[in-house]
Amino acid sequence: MEEILRIEHLQKRFDDFTVLEDISLSVKKGEVVVILGPSGCGKSTLLRCINGLESIDEGKVLLEGETVNPGHVNVPARKKIGMVFQSYELFPHKTILENVILAPLRVQKRSKAEATEEALSLLERVGLAVRKDSYPRQLSGGQKQRVAIVRALMMHPEILLFDEVTAALDPEMVREVLDVILDLAKQKATMLIVTHELSFAKAIADRILFLDDGAIVEDSDPKSFFETPKTQRAQSFLRTFEF
Amino acid sequence: MGFEVIFKGKNLIRLLAGLGVAMKISIISALISILLGIVLGMLMALKRPVLGAILRFYLEVVRIMPQMVLLFLVFFGVTKATGANITAETASVIVFSFWGTAEMADLVRGCLAGIPIIQYESSKALGLSRLQIYLYVIIPQIIRRLIPLSINLITRMIKTTSLIMMIGIVEVLKVAQQIIEANRKSDPHAAFGVFAVVFLLYFIACWPISRLSKYLEKKWEN
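Heads up: the protein sequence lines correspond to chains A and B, in order.
Residue numbering for the first sequence is 1 to 243, as defined by the numbering used here.
Residue numbering for the second sequence is 1001 to 1222, as defined by the numbering used here.
The reader is advised that the hints may include incorrect statements.
List of simulated lysine to aspartate or glutamate pairs, EDC-like, C-alpha gap at most 20 Å [said to hold, decoys possible]:
1) B:1218 with A:133
2) B:1219 with A:206
3) A:79 with B:1121
4) A:223 with A:206
Source of the hints: derived by calculation from the structure; they are not laboratory data.
Based on the sequences and whatever the hints tell you, model everything.
Given below as structure tokens:
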């Protein structure tokens, strides 16, 4: 299958502290990669480096062969990368529909009628078309996160980055968000998912990356990662979830 | 009770004219304050050390000094010291703008600091340019937070204009005193009625503005 994202020897430092050390990675079209690892291991920073929200110190990030110029505001390749954040980050002064069509109208210069039509059909798919004129504050956390996913999808991204998207949600709302992501996986969307939901990771991943201390420690299929983890660090990480 | 005095001769019209003087000074000062305050607030948000220190010093001076002292300083002090011939009204506008600009700048700084960084980041992640982020995401949010606060500042200015009679401006409170003085013989108890009317006039001027601010705050709450 064709390669869509390529990371070569990426290094990221905050002052003297090395957050990511020599990360190399290749993601194919349609692949669902779940990134696991203890808090502070650099998972979120890796996602933020991929779409240029963080500058990188060494190495390269290539999306379909095009360099993602790190740390700069106008990154052309960024339009092809969708990102969903832990705290949803909808625009509080805009309605749900306005949130979802802002970037298609302003960045992609699409017509309002066409963008609205697509927005409504996507909102319908996540069960929120009826809330199109509500404001974000009137929605629950799970609903806001589903809107945030639709907002990212509207840009027709080549790859989607999910940064702990259920971590801020009440337990009973986690499922509705994960279902949407599972649905995307069925439609062969390329995704990089950082999560702490292990059973979800098991169900959705084509491939698990285990990060520790800023390096990829394991890179394997979910079955072998969960059943026969190779490294000591992965074994003790998995044990912390057992009771 | 003294209410009859109000309707004697031109008393009511004089009181209204006094209110007009107060409103004129506070609205001119508020407009100047809002414009300068937005500029200064944005400068404060830049976090440049020297500039920031100067602006904070200005803010502290304004907070510490009673407005009355500032009024005396500008009207009696500055005019004596420099020989400049400024009217009492100009002096009031200078003092109120000096005070209001500091207040407004702090409000603007607070609003800017109140927008989480991740709002900028999620806009960037959607591919919006820097200009588009400010135009469609940041500035509309700041305006919504700022309008109710600046309206509030206007009502505070209207109330504080009661001080300007101390530098000889005949505003509503001064007119009230004059009416009471003039009717001391015929109506020795006029004070209650006259001041009650003054209260009512301030209320009529400030209440709708205050309601508008509350309404907008509620309408735009996030």
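- Query: CA of residue 223 of chain A to CA of residue 206 of chain A, is that 20 Å or under?
  - Reply: Since the Cα atoms of residue 223 of chain A and residue 206 of chain A sit roughly 10 Å apart, the hinted pair holds (cutoff 20 Å).
- Message: So if I understand the rule, the pair passes when the alpha-carbon distance is 20 Å or less; does residue 1218 of chain B with residue 133 of chain A pass?
- Response: With a Cα-Cα distance of about 18 Å, the restraint between residue 1218 of chain B and residue 133 of chain A holds, given a limit of 20 Å.
- Message: Holds or violated: residue 1219 of chain B and residue 206 of chain A, Cα atoms, limit 20 Å.
- Response: Answer violated: residue 1219 of chain B to residue 206 of chain A is near 47 Å, above 20 Å.
- Is residue 79 of chain A close enough to residue 1121 of chain B, meaning Cα to Cα at most 20 Å? It holds: about 13 Å lies between the C-alpha atoms, which stays within 20 Å.
The structure does not agree with numbered hint 2 stated previously, though it agrees with all others.
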